[in-house]
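Position chain B against the provided structure of chain A, taking the given hints into account.
As given, the protein sequences belong to chains A and B, one line each in that order.
Residue numbers 1241 to 1324, in this note's numbering, belong to the letters of the first sequence in order.
Residue numbers 12 to 224, in this note's numbering, belong to the letters of the second sequence in order.
It cannot be assumed that every hint is accurate.
Result set (BS3-like, lysine-lysine): computed pairs, CA atoms no more than 25 Å apart in a straight line [to be verified]:
hint, chain 1, residue 1, chain 2, residue 2
1, A, Lys1314, B, Lys36
2, B, Lys141, A, Lys1324
3, A, Lys1311, B, Lys222
4, A, Lys1314, B, Lys141
5, B, Lys36, A, Lys1311
6, B, Lys214, A, Lys1311
7, A, Lys1314, B, Lys222
Calculated from the structure, these hints are not laboratory results.
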Amino acid sequence: MTNFLMQEDTVAAVDTLTKSFSQKWDAMDKIDSASPILQMAASHDLIFIVLGVSLIIWFVLLIFLIRLDRKVDKLEQELDNELK
Amino acid sequence: MVAVWLTLVIIFGFLIKIPDIPILKQSARNLFLHVPMWFTMSVAFVMGFIYSIRYLGTPSREIDRKAETATMVGIVFGICGLLTGSLWARFTWGTWWTFAEPKMNLAALAMLIYVAYFVLRSAFDDPEKKAKISAVYNVFAATTIPFLLYIIPRQMASLHPGAQGNPAFSEITAVQLRLIFYPAVIGFIGLALWIYDIVYRYKTLQDRLEKNI
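Next comes chain A alone, as it looks inside the complex:
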């Protein structure tokens, strides 16, 4: 019994998911005490989160494209060397 209680106590305060069916959502309740950047991101009904998600996809694809670009450059150089 005591063991069980101790486990309950060690659950991190920020983790709202351990009791997954809990009706209490701490994420937005505690947003007032979060950092200003997080507060700004959460403003306007979370629309900036959608922007953030779009940007993540864009940047991951961008990094992939830049790497591909470099590889193609390398291939072109090799081809030039061949022809010489």
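Just chain B now, with coordinates in the frame of chain A:
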């Protein structure tokens, strides 16, 4: 065509009026971005799976190259899915990452399994050996995906829709959201096929150049 289609999807994804859902609020629009990432990843991995099986039947460098390219594209979209999910989770569930959420962690595990595919590939110098062993590995990797992303998360308590005790996508998703969601899935799969084609052409050229040297 893919470019125009996806541009329209993104524009309308931001502009349409969506029903007010508590907690999610406007971030419900992430449905058009986060979820298609996983659909696209699955399509790419299925392609890799099919090409790997075909390679085992009739070994050829082209088929191996196709399997490798499809898997690579799948990983890129999988990474997008993980990162976007993490950001979304911070503002709706209250944490960037949690070990209480099975789908999140098993998706990360699936990514690691697929990264190992490329680690394995880089371990061989002999191209035929490389192709054969990585094809066998890819068949294994692809068979873990339905278990990791679908079967196990559905049995466990999870905040993702469709888990035990939670209503599934088809029961809770509003019609307006679906109107953009399905075109978004098609659009991102189209984008993935386009990227796949470019990478495949690059690899073909590289292979031809190496043969000439």
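Consistency of the hints with the structure:
As the CA atoms of lysine 1314/A and lysine 36/B are separated by approximately 47 Å, the hinted pair breaks the 25 Å bound. For the proposed pair lysine 141/B and lysine 1324/A, the alpha carbon gap of about 32 Å is over 25 Å, so the pair is violated. Pair hint lysine 1311/A plus lysine 222/B holds up; C-alpha atoms about 18 Å apart against a cutoff of 25 Å. Simply put, lysine 1314/A and lysine 141/B have alpha-carbon atoms about 23 Å apart, close enough for the 25 Å limit, and the pair holds.
Taken as a hint, the lysine 36/B and lysine 1311/A pair is broken in the structure, with Cα atoms around 42 Å apart against an allowance of 25 Å. Distance hint between lysine 214/B and lysine 1311/A is fulfilled; the C-alpha atoms sit about 10 Å from each other, no more than 25 Å. Note on lysine 1314/A and lysine 222/B: the hinted pairing holds, with a Cα-Cα distance of about 16 Å set against a maximum of 25 Å.
The structure is inconsistent with the numbered hints 1, 2, 5, although it conforms to all the rest.
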